[in-house]
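Each chain is listed here by its residues.
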Amino acid sequence: MIEHLLSSSDLDLETATLVLDTAAEMAAVSGREVKKLPTLRGRTVVNLFYEDSTRTRISFEAAAKRLSADVINFAAKGSSVSKGESLKDTALTLQAMGADAVVIRHPASGAPHRLAGWIDGSVVNAGDGTHEHPTQALLDAYTMRSRLGRLEGLRVALVGDVLHSRVARSNVWLLRTLGAEVTLVAPPTLLPVGVDSWPVQVSYDLDSVLPKLDVVMMLRVQRERMNASFFPSVREYSRRYGLDAARMGALPEHAIVMHPGPMIRGMEISPEVADSTRSTIVEQVANGVSVRMAVLYLMLGGMA
Amino acid sequence: MNNWIISGASVLGGEPADIFVRDGVIADSAPDSAQRLDATGLIALPGLVDLHTHLREPGREDAETVETGSRAAALGGYTAVCAMANTDPVADTAGVVEQVWRLGKDAGLVDVQPIGAVTVGLAGERLAELGAMATSAARVRVFSDDGHCVHDPVLMRRALEYVKAFDGVIAQHAEEPRLTVGAQMNEGDTSARLGLAGWPAVAEEAIIARDVLLAGHVNSRLHICHVSTAGSVELIRWAKSKGWRVTAEVTPHHLLLTDDLVEGYDPVFR
Ligand SMILES: [Zn+2]
Chain G
84 MIEHLLSSSD
94 LDLETATLVL
104 DTAAEMAAVS
114 GREVKKLPTL
124 RGRTVVNLFY
134 EDSTRTRISF
144 EAAAKRLSAD
154 VINFAAKGSS
164 VSKGESLKDT
174 ALTLQAMGAD
184 AVVIRHPASG
194 APHRLAGWID
204 GSVVNAGDGT
214 HEHPTQALLD
224 AYTMRSRLGR
234 LEGLRVALVG
244 DVLHSRVARS
254 NVWLLRTLGA
264 EVTLVAPPTL
274 LPVGVDSWPV
284 QVSYDLDSVL
294 PKLDVVMMLR
304 VQRERMNASF
314 FPSVREYSRR
324 YGLDAARMGA
334 LPEHAIVMHP
344 GPMIRGMEIS
354 PEVADSTRST
364 IVEQVANGVS
374 VRMAVLYLML
384 GGMA
Chain B
-12 MNNWIISGAS
-2 VLGGEPADIF
8 VRDGVIADSA
18 PDSAQRLDAT
28 GLIALPGLVD
38 LHTHLREPGR
48 EDAETVETGS
58 RAAALGGYTA
68 VCAMANTDPV
78 ADTAGVVEQV
88 WRLGKDAGLV
98 DVQPIGAVTV
108 GLAGERLAEL
118 GAMATSAARV
128 RVFSDDGHCV
138 HDPVLMRRAL
148 EYVKAFDGVI
158 AQHAEEPRLT
168 VGAQMNEGDT
178 SARLGLAGWP
188 AVAEEAIIAR
198 DVLLAGHVNS
208 RLHICHVSTA
218 GSVELIRWAK
228 SKGWRVTAEV
238 TPHHLLLTDD
248 LVEGYDPVFR
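Those protein sequences? They're chains G and B, same order as listed.
Count along the first sequence from 1, then add 83; that gives the number in the numbering used here.
Reminder that position 265 of the second sequence reads as 252 in the numbering used here, one-by-one numbering, no gaps.
Derived from the structure by calculation, the hints contain no laboratory data.
Certain hints may be false.
[What the hints assert, rightly or not] Stretch by stretch, here's where chain G covers chain B in the computed footprint (C-beta under 8 Å, at least three residues):
#, region
1, 25 to 36
2, 92 to 105
[As the list claims (entries may be wrong)] Pairs of lysine to aspartate or glutamate residues, derived as EDC-like cross-links and limited to a Cα-Cα distance of at most 20 Å, are as follows:
#, chain 1, residue 1, chain 2, residue 2
3, G, Lys171, G, Glu144
4, B, Lys151, G, Asp290
5, G, Lys148, G, Asp95
6, G, Lys148, G, Asp172
7, B, Lys151, G, Glu108
8, B, Lys151, G, Asp288
9, G, Lys148, G, Glu97
10, G, Lys118, G, Glu134
11, G, Lys148, G, Glu168
Ideal Cβ positions, reconstructed from N, Cα and C, are used throughout, including at glycine.
Here chain G stands alone, though its shape is the one from the complex (with noise of 0.2 Å):
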């Protein structure tokens, strides 16, 4: 049904809602005693991580595992990768081991696309440089949907560094499809270039968005950026981007606010922000599982 999840642009809108009804199903089975489908028995899922993300990585061995998979984790650090093995001579060797599906994390954007031309099995991007992330964009509608009941029509601001943001990209096309209005926040230097033949609205002035938000989402901003004179202090950056108390309360009251994590609270987001009962960041974790697991179910159960 699905071959490979490289780009949250391969999905249109009845394929993207599938996963999500697909997702709900999955969550119904999270709650229950056993929580493991027999699904994928004997289906081999291949985690290959080229940077360290504890969180990415358990969020799909544990959704490969509940569909009853058999996992390897394949971490490029310590092993023949960090030796000069190439991207394809890797790709081979799984081939090889007959992994029905490869879930790869690399720090180049691009390297799932060359490794989907690579291997006959399925190719799922984990987050590639600052390209994409599409199963984080996927959670995100998901946990949208969940909170405010519907996607067509919401109107959601992605607050900070859109110009390296992963999320940003893979949220910015799949909100489109699935009907969203989508404003970037950020300052001019943490936009790329060519961003006004996006399908999203511009703003350099948080203040004047949030009250007409349906959601907010906060982007990480990495302290090195400071450094490469992107703005010009955290106290400014947090002055004029960050999310706190005072800027929650011009958001609509049914407002959420959203954040992918790892969070840097005092920076994009304060702690009463994060902690707040509007806050969906724990949520969006749980829904990780839900979705990861209907994304591997879709490519793979069908093929049994």
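Following the hints, position chain B with the ligand against chain G.
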């Protein structure tokens, strides 16, 4: 009472006419009980704006203060002056630009609009808190390290991009520092003959060429301070023809004097 009839002035250099002022505002008919001012033989112009002044306060009050600079400006027909940031301390924080702005208010003669530094301490290494200066009481929109060139191309790019958030402009002192080490005068026949280290036109033009391209690429506003070469004018004309948002200024001495004046080794003419 602030009603005036200014008579006989040549308005914008045209035919002499009377100018009516009611409650401090130009009016189309003579106000009641007005004071008459004979301006026969004088030219009437709108208030002028000086984009590039050094009021030296805080730090060098022995040379100039906001008040003395305001007086000079008002006497010369200027109603607004922009004060460069190379004070001591440097005008690189909201606190300093607000101080200069308040001193201008207190002097009360002309609008004193502080210019903020682009980089911390004019050192060309880290962006100053441009947003904090923009949202301060001084509402800074022009940023410049004047006296120093923002020579790092990445930093210049980021500065141009960053000020788009509040419709700011970067005013560049165009001088490639590596090309002007030890330079004493314009590089050419005269400098060669006099044995003085030359300041090549390309030191200015290379930075202007780079910066107009950057401004065009990120669609931001660039101002070039004290343009002094024909090549610079060509570059700016070209950038404007592209529709890029570039402006420039020139000083009287760069327009009217030439490097022949250095023949007598009088350092005034460097
Ligand atoms: Zn200068």
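Which numbered hints fail
Numbers 1, 2, 3, 5, 6, 7, 9, 10 and 11, in rising order.
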